[in-house]
Amino acid sequence: MAAPRYGSPLKRAVTFYIPLVLMVGLTLFPFYWMVITSIRPDVELYNVKANPFFTLYPTLKHFHDLFELTMFARWAWNTLFIAVVSTAISLFCGLLAGYALARLQFRWASPLGTMIFVTYLVPPTLLFIPLGDVVKAFGIGDTPWAVILTYPTFLIPFCTWLLMGYFKTIPREIEECARIDGASRIQAMVRISFPLAVPGILSAGIFAFTLSWNEFLYALVFLSSPQQKTIPIGVFTELVRGDVFYWGPLMAGALLGSIPVALVYSFFVEHYVTALTGAVKG
Amino acid sequence: MADQSIEPILAKSATQGASAIPAPVVVVAVPKFRRPRRMGHLLEQEHILAGALLAPTLVILTLFIAYPFVLGIWLAVSDKVVGRPGNFVGLQNFWVNLNDTIFLRAFQNTFVYTFIATILKLALGMGAALLLNHHFRFKRIVRAGMLLPWIVPTVLSTLAWQWMFDATFSVFNWTLMNVGLISQRILWLGDGTMAMGCLILVNVWRGMPFFAITLLAGLQTVNPDLHEAAEIDGANAWQRFWRVTLPLIKPIMLVVVLFSMIATFADFQLIYVLTRGGPYSSTHVFGTYAYEIAMRAAKLGQGASISLSLFPFLLAVIVFQLWYIRRSD
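Going down the list, the protein sequences come from chains E and P.
Under the working numbering, the first residue of the first sequence is numbered 31, with each subsequent residue one higher.
Under the working numbering, the first residue of the second sequence is numbered 6, with each subsequent residue one higher.
Just so you know, not all the hints are guaranteed correct.
Straight-line C-alpha distance at most 30 angstroms; calculated BS3-like pairs for lysine-lysine [claimed, not checked]: (1) E:Lys79 / E:Lys91; (2) P:Lys304 / E:Lys41; (3) P:Lys255 / E:Lys198; (4) E:Lys166 / P:Lys255.
Computed spacing ranges between beta-carbons, pair by pair [said to hold, decoys possible]: (5) P:Asn183 / E:Leu90: 36 to 46 angstroms; (6) E:Pro225 / P:Ile191: 55 to 65 angstroms; (7) E:Phe122 / P:Ala242: 45 to 55 angstroms; (8) E:Val114 / P:Gly239: 52 to 62 angstroms; (9) E:Phe122 / P:Asn92: 40 to 50 angstroms; (10) P:Phe99 / E:Pro141: 28 to 38 angstroms; (11) P:Gly195 / E:Ile200: 34 to 44 angstroms; (12) P:Asn183 / E:Ser296: 31 to 41 angstroms; (13) P:Phe93 / E:Gln135: 25 to 35 angstroms; (14) P:Gly56 / E:Gly195: 51 to 61 angstroms; (15) P:Tyr329 / E:Pro225: 30 to 40 angstroms.
Rather than coming from a laboratory, the hints here were simulated on the basis of the structure.
We put the beta carbon where it would ideally sit given N, CA and C, even for glycine.
Using the sequences plus the hints, can you model the full thing?
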């Protein structure tokens with residue numbers, strides 16, 4: 031769509047710049063709030079009179095407390111380990127399944143594709159109670175494997191769906207040329223199609239990584255001991271005691287827990303957007 | 006040489022085919038897919054290859070989706086509590102739900118939350134997408150920054166919102182009081198209606214970027230020539246949006262709305278973190294109430310029946326979406 035043209039600078043300010051600045055401001059304000067809260071001393075935080083928008087006495091005490099009084103470093107490691115392993119499992123499964131559904135001709139291709147799409151839409155809220163029993167029955171309750179093996183239930187359908195769409199955009203002829211040159215079916219798949227799908231794999235991987243980094247419900251239900259928790263669960267359960275909120279360390283933890291995904295995202299923003307829109311288009 | 010290498014494969018694939026597919030009908034049906042210049046054994050391989058490639062996915066999805074789903078249905082018709090085997094009780098749990106005022110409130114809340122939030126996300130997301138479709142300096146940075154609420158862990162950003170809604174130290178109250186608009190603190194999360202409004206606000210803040218970026222991708226596929234043609238025919242900006250842009254991006258819009266509706270309908274974390282279903286159980290939705298009953302009150306059967314109540318609505322949306330995708334294919 032062509033960008034609309036404007037008459038006067040005033041009109042452009044009213045219809046474009048002011049809404050844009052408002053939108054960006056409202057979007058980013060909560061992040062500013064995290065930052066400013068995490069560096070203001072408690073004396074200021076809990077003073078109704080003090081101007082809450084900035085501080086003249088910034089402090090790192092809340093970050094210090096976060097690492098001293100909670101197992102934040104451990105949670106960060108858990109979150110990273112869980113996100114990396116469950117993303118790897120999901121990419122492996124999704125790559126193979128996506129290829130099979132997009133490229134191979136077999137009787138069940140269409141119903142299986144539909145089935146995987148439907149599981150993509152099944153939310154954790156529907157399954158967490160029975161899944162808790164399943165996890166216990168396998169003896170992996172309160173271990174990282176409880177979530178590493180359950181996150182793929184929503185990551186694999188997503189990866190499969192995205193990569194299936196991606197494989198469909200790669201011309202079949204490229205593989206057929208390789209076959210004529212003597213490559214076997216599997217060689218053509220691994221040596222020709224998979225390398226061409228790397229941008230799709232990257233998109234799916236980044237999206238899967240952020241989804242598992244951010245997951246809450248399964249981690250809340252399946253992980254209970256403090257040393258097993260992920261950042262979202264740890265910050266929420268260990269820094270809120272009944273009605274008492276430790277706002278300084280809470281916001282410090284929220285900030286540190288958000289930075290890694292924001293960084294990964296900022297490096298691969300185009301891939302992330304591809305994954306986001308690709309998943310919707312199917 | 007060539008014959009020697011092909012023959013064992015043929016023999017092998019024939020036996021594999023026989024053991025994997027006992028019904029001869031299937032063996033007859035296979036050549037239907039046969040493409041010219043392809044040998045029969047390769048087709049057999051493709052069939053088997055597909056099975057091998059799909060196996061890991063199917064194992065995980067069966068163990069952790071299909072099986073729990075069936076188990077969930079069993080739990081919903083049982084009186085299972087933590088630490089004791091359950092007995093079949095028929096539809097009693099569902100009957101209890103229908104006579105439970107908190108459940109009925111949660112039911113109503115889920116719909117209110119989903120519909121209002123989705124409409125607002127669509128309207129604001131469309132506005133944001135139209136703004137981002139302009140050419141301006143720092144466009145890439147603005148677009149990247151816009152998505153942040155969608156990227157960062159919802160729990161962590163919701164905690165920031167909770168601090169902003171704090172009964173005593175709310176930044177909104179501080180600002181409004183200093184500007185002179187209010188003289189008494191507003192208790193943002195103090196009553197059910199107000200708290201529901203805050204939940205919707207945070208949900209819109211979090212979900213709007215997803216709408217904006219996806220709709221922006223849709224807008225970028227609209228051919229500028231169509232706009233020029235409409236402009237020459239005398240259509241103003243408003244008419245061009247309604248008559249040209251909107252019909253063209255309607256498919257992607259519908260899919261985004263359906264995706265978002267499912268996610269909002271089944272939301273748990275945002276509500277659980279911000280209000281925990283309170284005050285006085287007035288802001289529960291299906292997800293949080295199921296958690297409350299199953300995990301805190303340890304009534305697994307009752308809890309499962311609450312989360313299973315989500316299913317008919319999810320099914321309706323999924324069936325509609327599948328129908329729509331089929332039709333547009």
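Structure-based check of all given hints:
no. : hint                                    : result
1   : E:Lys79 / E:Lys91                       : holds, 22 angstroms
2   : P:Lys304 / E:Lys41                      : violated, 61 angstroms
3   : P:Lys255 / E:Lys198                     : holds, 23 angstroms
4   : E:Lys166 / P:Lys255                     : violated, 45 angstroms
5   : P:Asn183 / E:Leu90: 36 to 46 angstroms  : violated, 29 angstroms
6   : E:Pro225 / P:Ile191: 55 to 65 angstroms : holds, 58 angstroms
7   : E:Phe122 / P:Ala242: 45 to 55 angstroms : holds, 49 angstroms
8   : E:Val114 / P:Gly239: 52 to 62 angstroms : holds, 58 angstroms
9   : E:Phe122 / P:Asn92: 40 to 50 angstroms  : holds, 42 angstroms
10  : P:Phe99 / E:Pro141: 28 to 38 angstroms  : holds, 31 angstroms
11  : P:Gly195 / E:Ile200: 34 to 44 angstroms : violated, 56 angstroms
12  : P:Asn183 / E:Ser296: 31 to 41 angstroms : holds, 35 angstroms
13  : P:Phe93 / E:Gln135: 25 to 35 angstroms  : violated, 45 angstroms
14  : P:Gly56 / E:Gly195: 51 to 61 angstroms  : violated, 22 angstroms
15  : P:Tyr329 / E:Pro225: 30 to 40 angstroms : holds, 34 angstroms
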